[in-house]
Amino acid sequence: MSLIFYILAAVAIISALVVVFSKSPVNSVIALIVTFLAIAGHYILLNAQFLAVVHIIVYTGAIMVLFLFVIMLLDMNRENEPHKKWTTKLAAVISGGLLLLVLLAALKKLSIMPIQHAVNNKMGLVHDLGQVLFKDFLLPFEATSVLFLAAMVGALMLGKHEKNNI
Amino acid sequence: MEKITNAIQVVPIQHYIYLSLILFTIGIVGALLRRNSIIVLMCIELMLNAANLLLAAFSAYHGDAAGQVFVFFIMVVAAAEVAVGLAILVLMKRNNHSLDINLLNRLRDNN
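So the protein lines, in turn, are chains Y and P. Position 3 of the first sequence, counted from 1, bears residue number 3 in my numbering, the numbering being contiguous throughout. Just add 166 to wherever you are in the second sequence, counting from 1, and you've got my numbering.
Derived from the structure by calculation, the hints contain no laboratory data. One or more hints might be untrue.
[What the hints assert, rightly or not] In silico lysine-lysine, DSS-like type, Cα no more than 25 Å apart, as pairs: (1) LYS259/P / LYS85/Y; (2) LYS23/Y / LYS85/Y; (3) LYS122/Y / LYS135/Y; (4) LYS259/P / LYS23/Y; (5) LYS259/P / LYS160/Y; (6) LYS23/Y / LYS89/Y.
With the hints as extra help, turn the sequences into a complete structure.
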């Protein structure tokens, strides 16, 4: 059973590396979709079925399609990206590695308690999540609608074509 | 299905933490390494997803559904961020015909 976890983890990590190191932006988008599908598989393993479905719909269905549209709209399917200096690249890799090292070292000190609760198989289903979302988190839920409205208006204002103003 | 979703009994939570840390680090390195703004935005998505995975793992191990609700809110913020960010990128491409992130280091008007 744990084999599925390790396979999914390997797929996620390898495709995340492809996202960073591939030359063409379209390949990056495809690799990122594979990463998101692997993460959705992790959600299913973690008893969060509804979360997995929403993740697939929102990320691979909406966000990555938006990315693809913008890439095709801007016609950047060419390898014309200027490269950073190698010192900058080295500094980026070293600082990322140091961050990983610090976090792993902090994790060493962590003592993790065993699972106390009985595993509830229905926790990730719509019924239970809806109870929590609309009872305990009603105000944040309403606030997100305002956030979405602001994002929508902001994107419209930015995308509007004004010749003399901008 | 019952057997598949019982991974929390066999996989220790440390492995989920390691996986999230590695994904987050890959996102950070990518955001620092690349000069294409769209790739930088994708790396930010990768970091958000690493945090999401960790929240879902902790939620499952603790038996509390609040963590999964929090993941929903992070998804909402990510969707809003992508909408506005891509609009900014389109505007940037229209104005100076390039998506190089180094062009953004002088946001003031040069004239």
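Each hint, compared with the structure:
no. : hint                : in the structure
1   : LYS259/P / LYS85/Y  : 23 Å, holds
2   : LYS23/Y / LYS85/Y   : 17 Å, holds
3   : LYS122/Y / LYS135/Y : 18 Å, holds
4   : LYS259/P / LYS23/Y  : 19 Å, holds
5   : LYS259/P / LYS160/Y : 14 Å, holds
6   : LYS23/Y / LYS89/Y   : 15 Å, holds
Consistency note: the structure conflicts with none of the earlier hints.
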